[in-house]
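Colleague: For this one, chain A is given, so just place chain B on it according to the hints.
2 protein chains.
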Amino acid sequence: MNIPRTSLPRVVIIGGGFGGIALAKKLSKKGLQVVLLDKHNYHTFQPLLYQVSTGGLEPDSIAYPIRKILQNHPNFYFRLAKVRRINSSDKILITNIGTIKFDYLVLATGSQTNFFGNKELKKQSMAMKSVPQSLNLRSLILQNFEKALLTDDLHKRDALMNFVIVGGGPTGVELAGALAEIKKGILPKDYPDLDTRRAQIHLIQSGDRILKDMSERASEKAEQFLEKLGVQIWKNTRVTNYDGKTVTTKTDLVFETATLVWAAGVHGVTIKGLSAKNLLAPGNRLKVDAFHKVIGVEDIYAIGDIACMETKDWPNGHPMMAQPAIQQGESLGDNLVRLLADKPLLPFVFRDKGSMATVGRNKAVVDMKNIRFQGVFAWFVWMFVHLFFLIGFRNRMVVFVNWVYNYVRFDREARLIIRPFKKDYSRFRD
Amino acid sequence: MNIPRTSLPRVVIIGGGFGGIALAKKLSKKGLQVVLLDKHNYHTFQPLLYQVSTGGLEPDSIAYPIRKILQNHPNFYFRLAKVRRINSSDKILITNIGTIKFDYLVLATGSQTNFFGNKELKKQSMAMKSVPQSLNLRSLILQNFEKALLTDDLHKRDALMNFVIVGGGPTGVELAGALAEIKKGILPKDYPDLDTRRAQIHLIQSGDRILKDMSERASEKAEQFLEKLGVQIWKNTRVTNYDGKTVTTKTDLVFETATLVWAAGVHGVTIKGLSAKNLLAPGNRLKVDAFHKVIGVEDIYAIGDIACMETKDWPNGHPMMAQPAIQQGESLGDNLVRLLADKPLLPFVFRDKGSMATVGRNKAVVDMKNIRFQGVFAWFVWMFVHLFFLIGFRNRMVVFVNWVYNYVRFDREARLIIRPFKKDYSRFRD
Numbered sequence: 001m002n003i004p005r006t007s008l009p010r011v012v013i014i015g016g017g018f019g020g021i022a023l024a025k026k027l028s029k030k031g032l033q034v035v036l037l038d039k040h041n042y043h044t045f046q047p048l049l050y051q052v053s054t055g056g057l058e059p060d061s062i063a064y065p066i067r068k069i070l071q072n073h074p075n076f077y078f079r080l081a082k083v084r085r086i087n088s089s090d091k092i093l094i095t096n097i098g099t100i101k102f103d104y105l106v107l108a109t110g111s112q113t114n115f116f117g118n119k120e121l122k123k124q125s126m127a128m129k130s131v132p133q134s135l136n137l138r139s140l141i142l143q144n145f146e147k148a149l150l151t152d153d154l155h156k157r158d159a160l161m162n163f164v165i166v167g168g169g170p171t172g173v174e175l176a177g178a179l180a181e182i183k184k185g186i187l188p189k190d191y192p193d194l195d196t197r198r199a200q201i202h203l204i205q206s207g208d209r210i211l212k213d214m215s216e217r218a219s220e221k222a223e224q225f226l227e228k229l230g231v232q233i234w235k236n237t238r239v240t241n242y243d244g245k246t247v248t249t250k251t252d253l254v255f256e257t258a259t260l261v262w263a264a265g266v267h268g269v270t271i272k273g274l275s276a277k278n279l280l281a282p283g284n285r286l287k288v289d290a291f292h293k294v295i296g297v298e299d300i301y302a303i304g305d306i307a308c309m310e311t312k313d314w315p316n317g318h319p320m321m322a323q324p325a326i327q328q329g330e331s332l333g334d335n336l337v338r339l340l341a342d343k344p345l346l347p348f349v350f351r352d353k354g355s356m357a358t359v360g361r362n363k364a365v366v367d368m369k370n371i372r373f374q375g376v377f378a379w380f381v382w383m384f385v386h387l388f389f390l391i392g393f394r395n396r397m398v399v400f401v402n403w404v405y406n407y408v409r410f411d412r413e414a415r416l417i418i419r420p421f422k423k424d425y426s427r428f429r430d
Numbered sequence: 001m002n003i004p005r006t007s008l009p010r011v012v013i014i015g016g017g018f019g020g021i022a023l024a025k026k027l028s029k030k031g032l033q034v035v036l037l038d039k040h041n042y043h044t045f046q047p048l049l050y051q052v053s054t055g056g057l058e059p060d061s062i063a064y065p066i067r068k069i070l071q072n073h074p075n076f077y078f079r080l081a082k083v084r085r086i087n088s089s090d091k092i093l094i095t096n097i098g099t100i101k102f103d104y105l106v107l108a109t110g111s112q113t114n115f116f117g118n119k120e121l122k123k124q125s126m127a128m129k130s131v132p133q134s135l136n137l138r139s140l141i142l143q144n145f146e147k148a149l150l151t152d153d154l155h156k157r158d159a160l161m162n163f164v165i166v167g168g169g170p171t172g173v174e175l176a177g178a179l180a181e182i183k184k185g186i187l188p189k190d191y192p193d194l195d196t197r198r199a200q201i202h203l204i205q206s207g208d209r210i211l212k213d214m215s216e217r218a219s220e221k222a223e224q225f226l227e228k229l230g231v232q233i234w235k236n237t238r239v240t241n242y243d244g245k246t247v248t249t250k251t252d253l254v255f256e257t258a259t260l261v262w263a264a265g266v267h268g269v270t271i272k273g274l275s276a277k278n279l280l281a282p283g284n285r286l287k288v289d290a291f292h293k294v295i296g297v298e299d300i301y302a303i304g305d306i307a308c309m310e311t312k313d314w315p316n317g318h319p320m321m322a323q324p325a326i327q328q329g330e331s332l333g334d335n336l337v338r339l340l341a342d343k344p345l346l347p348f349v350f351r352d353k354g355s356m357a358t359v360g361r362n363k364a365v366v367d368m369k370n371i372r373f374q375g376v377f378a379w380f381v382w383m384f385v386h387l388f389f390l391i392g393f394r395n396r397m398v399v400f401v402n403w404v405y406n407y408v409r410f411d412r413e414a415r416l417i418i419r420p421f422k423k424d425y426s427r428f429r430d
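Here the protein sequences come in this chain order: A and B.
Going by the working numbering, 395 is the number at position 395 of the first sequence; the sequence numbering is gapless.
Going by the working numbering, 355 is the number at position 355 of the second sequence; the sequence numbering is gapless.
The hints are simulated quantities; they were obtained by calculation from the structure and are not laboratory data.
Each hint should be verified, as a subset may be incorrect.
Because identical chains share one entry, a pair is satisfied inside a single copy or across any pair of copies.
To be verified - Cross-link-like lysine-lysine pairs, in silico, DSS-like; alpha carbons within 27 Å at most: (1) Lys39 with Lys101; (2) Lys123 with Lys156; (3) Lys129 with Lys235; (4) Lys68 with Lys189; (5) Lys369 with Lys312; (6) Lys129 with Lys422; (7) Lys39 with Lys25; (8) Lys147 with Lys68; (9) Lys123 with Lys422.
This structure is a prediction, so every number in the text was calculated from the model and none was measured.
Chain A on its own, in the form it takes in the complex (with noise of 0.2 Å):
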């Protein structure tokens, strides 16, 4: 891997999302080695991937290079390289590009889709977990729209035109706000020989309401919002299986659709070498003490979506977003400079900032600590923090001028197929 071993201690960070970008700033400057390896050479804004899917926003707006993230950091080392297996006892790391010692180890690895077990389903059905996924689903969404065109099958251009999401949390309910407004402002226009007045859009629940981690006011008014445009919404719904035409569910609703948009949970990625079953807590987390130390293993740490810290407040952990990988990110930073410092560590504790969910074009919920709104203000709201933790002058301006554009104009311009999906290409689909 060419990392020079010097006298400083190594810290390797695997994962470049929001944990582990906060980890490696906190420890700039601080003494140490700093290896953060990633299978992307860029960070990720998750939070507006749907936009890149739904045309609104260039994929290389919500992506920023990790080298430029933590350029004139001393002693800095990033390396693109897939982590295959962990040696906890040597402590050596297993990767692609050959294998490398660690003194503390850093799992910032995130969470992937969660199908549960349902081969099919993964196959079948569409992520938005990454910006290549993201594009994947942009391109099908334009591409079914060429193909209803061509069919005089009033039955296969309905299952082309609609679209099933399953999954009501912020991402489904933003997908579906999103692919709504698509449909009122842009289709009728860009498909005048289509009456894209049968487009569907239905967002599919198995809870009894959407939005379940945020307020019941919050859910109720997404719904209203969504409902207004037009969005179908079946809540107590347990989706079973999708063969790539049909829908099942628990009960005998069916849906026919050619694109079916799985965002109903996410679990953590665990490597191979430390993903024993008793290290880990449901959701495949690891489970981590206050200092975010993996119980069980001496020297390794685990943050962001991976982690588990079962506290009173957060018995199950804390929410597997942007937040609390942040905050984690900075409080191991914080600790392992204590720790080489022979300095006593400070427990995690995890500020919640609240949660929000824009729906369409105009509208947002918002849940705050002591104040909750929804409606235009909250839309205000979620635009500016979503533009202030975006990183990046040159991005923030660029999603800005976009999100003006769009919204004067009731448009979206990246409705670009640069590379047609294929269902088969799965090597494409990471």
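Modeller: Relative to chain A, chain B alone:
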């Protein structure tokens, strides 16, 4: 193909490049049915592809959805299709989405990279004529630097950091300049553990000057600008082969490189059924008369790169560039309308507005009819001309923001490997 046959005469245009789009716009609201076919659902602004390759621009900023360009044009139909064969006697096109009858057919199929029949060269080298190709090149460049980090073999590392560009036309010159700027401004910061001074950019030209279609003064100045940037220019050098490692030439000069960009020529994209030798001029271009009618067949026209109109001023046809294509599209559009109104046709007259090429971050060379200039002012002219011709307000804004940012910060933030490039993924190369 599901296009209604009406009483209006039907014009089918193959290709949504500069020529095809200019023609389609002219034919709007003129009592014709217009069917535009393209294998992509977007128009590509090819002059800026090199900026996509070098991480300066997002692909979406220089591509524009064809449906959007022709929204609100009545009797206009776009279909995403690949044309397999032309049956000129029955006036039928055979495509991957079915057959279509035409009253008038216009080939605006453009050109593709010409490897002069060398299959190994074609397989191993990179072209830059489409958005996916440009993204592949971007990925390869970045992957090479990531790989260079991993090897101790100095020879191999140099090969990974060397870039060989074959062809000293505007594409080769602009790409060489951009790579030189990256070498100077970005690599040392991104790869502090790599001696990036060893990276080399070679520009190979078979003739005795680069930019051979411009004035001698422009060639000289462009050479000076490139040399100042550290680009090595090899004139009178003809590349014979590239096996993926070694570039051989007609002399004993060889180059070791992992990246060969082939910008040494293009030839027309012909379609079966209309590719007989007697119809073609050198460079696989269809011979057309002064009204763009393909010589020897009725009701079939050709414009842009695929068309070769031999005139006194342009004995080998007009330059294969955007400007003639746009003018030809407009001229043919007017003539088709005149034809249907039984008015006499007007022969095409090319108004040469000159040509230009940019070199590095703030230099360019410009040849206009009565005035030639080079340097910083020429670069301003280059920028504004390109912004002006770019389609769409949003694209202009986003490109402008990126350019200002890149200029001020000496940066190019889109250095993302969204889809890793592997040489054998040949099906992803068009």
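Colleague: If you check each hint against the structure, which ones fail?
Modeller: none
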